[in-house]
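Peer 1: Single-letter residue listing:
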Amino acid sequence: MDPKTYKFDTLSLHAGYQPSKNAGSRQVPIYQTTSYMFDDVDHAAALFNLERGGHIYSRMSNPTVQVLEERVCALEGGTAALATASGMSAIFLTIMTLCNAGDHMVVSSQLYGGTVNLFRLTLPKFGIKTTFVKPRDTEGFKKAIQPNTKGIFGELVGNPGNELMNMPEVSKIAKDAGIPLIIDSTYQTPYLCRPFEHGADLVVHSLTKWMSGNGSSMAGILVEGGTFNWMQNDKFPNMTEPYEGYHGLSFAEEFGPTAFTMMARAEGMRDMGPCLAPQNAWNILHGIETLSLRMEKHCSNALKMVEYLSNHESVAWVSHASAPGHPDKELAEKILPKGTGSMIAFGIKGGKEAGAAFIDNVKLASHLANVGDARTLVIHPASATHSQMDEATLKFAGLSHDMIRLSVGLEDFEDIVNDFENGFRAAKKPRLVANK
Amino acid sequence: MRFKVRGIDTFASTGGRPFDKNKPLMIFVHGSGLSHMVWVLQTRYFAFRGYSILAIDLPGHGLSSGESLKTIEEMGDWVGDVIDAVGCKEASLVGHSQGCLVTMECAKQHPEKIKTLTLMGGAGAIPLNPELLELAETSNTKAVDLMMDWAHGPAGHFGGHPVPGLYHLNVGSMLVQEKKEIKDTLGVDFRACDNYKNGFEAAKKLDLPTLCILGDADKMCPLKEGKKLADHIKGSEVHVINNCGHMMLLEEADQTLEILKSFIGKHYPLKK
Ligand SMILES: Cc1ncc(COP(=O)(O)O)c(C=O)c1O
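Residue numbers (the working numbering), protein chains in the order written: chain E, 1 to 436; chain Z, 1 to 272.
Hints may contain errors.
[Claimed, not checked] Okay, the calculated bits of chain Z under chain E, using three or more residues with CB under 8 Å as the criterion:
#1 34 to 47
#2 145 to 151
#3 168 to 181
[Said to hold, decoys possible] With a cut-off of at most 30 Å between alpha-carbon atoms, the simulated DSSO-like pairs for lysine-lysine come out as follows:
#4 E:4 <-> Z:261
#5 Z:228 <-> E:4
#6 E:142 <-> E:334
#7 Z:224 <-> E:21
#8 E:4 <-> Z:219
#9 E:7 <-> Z:183
#10 Z:266 <-> E:172
Simulated from the structure, these hints should not be mistaken for laboratory data.
Note that the structure is a prediction, hence the values are computed from the model and not measured.
Note that beta-carbon positions come from the ideal geometry of N, C-alpha and C, so glycine has one too.
Chain E extracted, bound-state conformation (with noise of 0.2 Å):
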């Protein structure tokens, strides 16, 4: 005997949407709206005091939005998500959410670089200090807890160095500190890995990589485990402390399992306001249709890249969770077992220059920069994405001159390779670049 609800391939394409209750309309209609008629006085007093569920203004929700909340919810295993205008917007989201003013955060070192600057240098305006951790280094993360420390936060695989961050047992010390745990899951989707299933407690990704697979849209989302007991201490008033914004409600107390969501959208949303277009909602939503698909070929096209690049002359070293000889393969096998993604990171022999020279000379690779779309990218870490970074901040997080970042796309293997060639044999003749 055994439970029929639905599997993934199936959630993937039907979760949070039955055409019955849209005008038979088999795909997710764009509701390109803004705001929904109350009933009457009582109904829109019960929909502003959260006494009955609906849509009100879509700044807090818009029908579009909530299927794919509630898609990436079904496929993450949680129990309550919110969709953002960006990757980014949900992070800030659920820290303004978790942390008040004098407030603390252990983080792991080994970030998307945006990340990094909002834990460095941006949070810190709002009173909100973070330590940084490598995340290999598994005591590190229980040595900086402080009395004040609200959450644990990291990239399970980090960006761009691809060393990953123990989750399991990083979930074990955040659950002896009474702290959650959150998981910026971009890299891997629900696909590779789903961390509620690892101990997380928090997911967010930017839906604008893999999920999305399109490159059209910008999407972030906050995924909710419903794990985690923030009456357990008190060190979470806004969750369990009386919230004057709606008459001392109690998050906790009267949502349980879905009262971090509840609280990120009713004051996060309502007062910050990054909401996701529906336009956009609904390209995501496109893309994970055909999540588990790519996802498949995204890896094993990667596969045959650390292949290709681990034996190439003008290769100096090649970092992939799958490669021989990497430190973490074991961990990787064990919480990532269909594949460890497709980001890879490659030294290039002749340094930046030479990096340079590669980058510029590939055609079919695209040098931009993003991940995660369906098409190959590149780019050079130390010269775009983590370039406001000084010397010391980018050697701690794991960067070098002459690593170039490679997000392995859906195109013909052959088709990389050759294209790749070219770079590589540009890359061997001297050129002039600019040395700051």
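Position chain Z with the ligand relative to chain E; hints supplied.
Peer 2: Just chain Z with the ligand, lined up with the frame of chain E:
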């Protein structure tokens, strides 16, 4: 709100309003393995409209301490004690699933205290599939998965939560797993339901305004069982919600609230 019932630290949600024993009292009783949180889309509404609300956590459930009660009869009697414990004389009861058996028992044992009865997804008997019962009694979380599958209709399985962003199946599953050892909550509750044989007898004795809200796609307590129970209750009012499973209080929260509002307005109105 925390208070003592039979010396046990008990939690009940008051729907976001301070408890006031001078207002008409409504008590909401959750189903097997669940807690007060299933009622949020009904309780806050009534709490902000002049009623005193207690969405209780049965002993051993949710935020209440103590051990789970072992029989439906005991649970019914315990709900009667809740009314005394908060200094009230009477209450209107609302139950879901197992909570229907419990509230019927309470109304049967304490007819003087209970003014109206609302039964959501109820049946006269709730025999459990033996395999499901065993899974729950051994704290196997597959019991939760099966329960979520059977308890939800199309809204649960596909989606469309009344509260934007929430996902039915996983909310339900986390509510049940709030307590680590589900054998102590779900296991005990399922056994109590399976053992309870007095449903129809209790139903026949009821003599108060009774409302039955049923879902036509309910697999836990199928529509025909719900109707059979309603047939045993004198003058009961029956509403069937189409395309809806066992969790009508969440899956079709708006319709459920409208039906409840009009029933309570008629039979348990606020004093002028
Ligand atoms: C891992 C990771 N998290 C968050 C972000 C930020 O997301 P967005 O660009 O959608 O704001 C990115 C963007 O590159 C990312 O790679």
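Peer 1: Going back to the hint list, which numbers does this structure go against?
Peer 2: Failing hints, ascending: 4, 10.
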